[in-house]
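**Student:** Sequence:
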Amino acid sequence: MPQEPSEIKHTDPLHGITLKAIVEALVERFGWEELSRRIPINCFISQPSVKSSLTFLRKTPWARTKVESLYIESLR
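Using numbering that gives the first Met the number 0, the first residue of the sequence shown is number 0, and each one after it goes up by one.
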């Protein structure tokens, strides 16, 4: 018998989580300084803000992948 849509479990830990929520969670957990050490990109180093980080990460797939990977690691 097929499962109802509400019963389907997603194996993707990022399912339903916005990029903004990911960045905010990482900043809360690590702070900008530690985040810039772990992922040395300018939007985390020079005058960091959630808004500037989101703009950069949405345009830069390799950086977004690193941020998402760090978020998944931080869940463990």
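In short, the hints are calculated from the structure, not lab data. All values derive from a computational prediction rather than experimental measurement. Glycine included, each C-beta is placed from N, C-alpha and C at the ideal position. Hints are not guaranteed to be accurate.
[Claimed, not checked] Taking CB as the label site, the calculated pair distances span:
| hint | residue 1 | residue 2 | range |
| --- | --- | --- | --- |
| 1 | Ser51 | Lys8 | 14 to 24 Å |
| 2 | Glu72 | Gly15 | 34 to 44 Å |
| 3 | Leu13 | Asn41 | 30 to 40 Å |
[Claimed, not checked] Calculated cross-link-like contacts (lysine-lysine; reagent style DSS-like; alpha-carbon spacing at most 30 Å):
| hint | residue 1 | residue 2 |
| --- | --- | --- |
| 4 | Lys8 | Lys19 |
| 5 | Lys8 | Lys65 |
| 6 | Lys58 | Lys19 |
**Student:** Taking the earlier hints as the rules, which of them does this structure contradict?
**Tutor:** The structure conflicts with hints 1, 2, 3, although it agrees with all the remaining ones.
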